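Trainee: Add chain B to chain A, keeping to what the hints say.
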Amino acid sequence: MSKHLIKRSALVASVLLSGVVASSALAADIKAGKAVYDKACFACHKSGVMGAPKVGSKDDWSPRAAQGRETLLDHALNGLNSMPARGGNPSLSDDDITNAVAYMLDSAGLELPAAGGKAAKPAETKAEAPKPAAAPAPAPAPVAKAPAQKPKIQFNRLMKGRDEWNPPPAEDGIHDPDNEGTYMLQPPREGMAGFASGISGNRVDWVQTLDSGAIAPRYDRTDPNKKPFVMDLNIVREVKGSMPDVVYPHKQHTEWLDCSNCHPDIFIPKKGANQISMAAILLGQKCGVCHGKVAFPVTECKRCHSKKKKATAFKE
Amino acid sequence: MIETANRLIGLRRLVLALLIAFGGMLGSTAAQAEYGDIVINNYSDEAGMRPAIFPHWFHRIRFRCKVCHADLGFKFEAGGNKINMLKIIDGEFCGACHNGEIAWSPENCNLCHSGKPGTPTQVHHSTVQKLVTETNKEAGQ
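Chains as they are written, first to last, in the working numbering: chain A, 1 to 316; chain B, 317 to 457.
Next comes chain A alone, as it looks inside the complex:
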């Protein structure tokens, strides 16, 4: 809601402003525009990356000019597709942007249209919005349709149904559905199809998936044949109370990690030297540096607390 409001107010502001600019200085300062271009715009508009209209190209610029001054400046000031607002440089003023646009139009032998003036072919304008360059990314995901709202019978409100796991990026709440790149990302359900299933996190048991050979992640950035240095050593940590003792397996950890990832910064490699508590883990320290963030979360108690105590006697 607030986003809409901001967008709309920005639009109004830019339209008002462009009107003011147009009446006061119809001929935008092309020379000043070149300075702005050399500072910021050239990064994309010189070579035309991501579908940016190239400087000096009449073919690229005439459909944009045909959209009229307001639209052109609105896109430059507020962004469109791959074009970030103000070219990604918020320190540029509205005049700077106007001048830069005028310069780039001038380079293509065109003029910045006057305010309110819509040029010859309004019918064409809509289709000519800048299109991003074909990205060498995985095939674009099909645009997700909004699922029909039907009443859901849920046993436990904390449990998510299987169809709610691993939603595609556009529906996951943190990716921007207005961003075209969002639809080029591989959807998690497709990427993790066929992996050993888990009960939490990504709903994937990563250790089993790796063991089964379903995935073969590289141990080296460039060398696909480099084998990990696996250390098979279990560390048993006795815990207070009746909770089973913790067995820490070096094997499963060294499959993924290097010794230096944990030692000596997170864990001092010495028996009895590390104070670990569930509170610290929940706050993201010790095991919690990964567990509860990317490795299985602490709700899977038994995966760590796996060694049953022999006697249940309490020490005084």
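To be clear, the hints were calculated from the coordinates, so they are not data collected in a lab.
Source: prediction; values computed, not measured.
By construction, the Cβ of each residue, glycine as well, lies at the ideal position given by its N, Cα and C atoms.
Treat the hints with care, since some could be wrong.
[Stated by the list, open to error] Result set (PhoX-like, lysine-lysine): computed pairs, CA atoms no more than 20 Å apart in a straight line: (1) 270(A) <-> 286(A); (2) 160(A) <-> 446(B); (3) 308(A) <-> 240(A); (4) 251(A) <-> 271(A); (5) 403(B) <-> 286(A); (6) 286(A) <-> 446(B); (7) 31(A) <-> 54(A); (8) 307(A) <-> 271(A); (9) 391(B) <-> 403(B).
[To be verified] Quick list of the computed label-pair ranges, beta carbon to beta carbon: (10) 285(A) <-> 416(B): 30 to 40 Å; (11) 249(A) <-> 386(B): 14 to 24 Å; (12) 378(B) <-> 114(A): 47 to 57 Å; (13) 361(B) <-> 308(A): 49 to 59 Å; (14) 48(A) <-> 378(B): 24 to 34 Å; (15) 214(A) <-> 416(B): 24 to 34 Å; (16) 236(A) <-> 361(B): 40 to 50 Å; (17) 269(A) <-> 408(B): 27 to 37 Å; (18) 361(B) <-> 309(A): 46 to 56 Å.
Mentor: Same frame as chain A, now just chain B:
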């Protein structure tokens, strides 16, 4: 004596269970993105770009943790690496692979910068995201 100890342990467990359950409840109202998705918004909002999103799940299928976290020097901290585009173009951090050779090059702005504007830096779905407030952050240290 034993009875008191028992009661104490019971109480501790109850508190812990509540803490975890409460965390789960808070999480269920939030976004549904993948566990371990990292939102990095150190400079993006200011620069008028969408925040960058790093999907852990996608990368761990292809590389072991060690490659980025030991060889490339990524710290285990969302937003703690102070990554900017200059470093990436120079081949540091993401740029070690995202150079057009191992993975696609950094011109594809909106594949990484794909977050909703204004999303804060976070490890999505982490217990830290759910539980850590300024007060208990201090208490835990």
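Trainee: Could you run down the list of hints and mark each one as holding or not?
Mentor: Structure-based check of each hint:
1. A hinted pair counts as satisfied when its Cα atoms are at most 20 Å apart, and residue 270(A) with residue 286(A) qualifies at roughly 14 Å.
2. Restraint check for residue 160(A) and residue 446(B): the C-alpha separation of about 17 Å stays at or below 20 Å, so the hint holds.
3. A threshold of 20 Å between alpha carbons decides the hint, and for residue 308(A) with residue 240(A) the separation of about 12 Å falls inside it, so the pair holds.
4. Taken as a hint, the residue 251(A) and residue 271(A) pair is honoured in the structure, with Cα atoms around 18 Å apart against an allowance of 20 Å.
5. With a CA separation close to 29 Å, the supplied pair residue 403(B) and residue 286(A) exceeds the 20 Å bound.
6. Of the pairs offered as hints, the one joining residue 286(A) and residue 446(B) holds, with about 17 Å between alpha carbons and a cut-off of 20 Å not exceeded.
7. Distance hint between residue 31(A) and residue 54(A) is fulfilled; the C-alpha atoms sit about 18 Å from each other, no more than 20 Å.
8. The hinted pair formed by residue 307(A) and residue 271(A) meets the criterion: a straight-line CA distance of about 18 Å does not exceed 20 Å.
9. Restraint check for residue 391(B) and residue 403(B): the C-alpha separation of about 15 Å stays at or below 20 Å, so the hint holds.
10. For the pair residue 285(A) and residue 416(B), the beta carbons lie near 38 Å from each other, so the given range of 30 to 40 Å is met.
11. With their beta carbons about 19 Å apart, residue 249(A) and residue 386(B) fall inside the hinted range of 14 to 24 Å.
12. For residue 378(B) and residue 114(A), the Cβ-Cβ distance of about 53 Å falls inside the hinted range of 47 to 57 Å, so the restraint holds.
13. Between residue 361(B) and residue 308(A) the beta carbons are some 51 Å apart, a value that agrees with the proposed interval 49 to 59 Å.
14. Taking 24 to 34 Å as the suggested C-beta distance range, the pair residue 48(A) and residue 378(B) conforms, at roughly 31 Å.
15. Between residue 214(A) and residue 416(B) the Cβ separation comes to about 28 Å, which falls inside the hinted range of 24 to 34 Å.
16. Under the hint 40 to 50 Å, the C-beta atoms of residue 236(A) and residue 361(B), about 47 Å apart, fit the expected range.
17. For residue 269(A) paired with residue 408(B), a C-beta distance near 29 Å keeps the hint of 27 to 37 Å intact.
18. Against the hinted window of 46 to 56 Å, the Cβ-Cβ separation of residue 361(B) and residue 309(A) comes to about 51 Å, which satisfies the hint.
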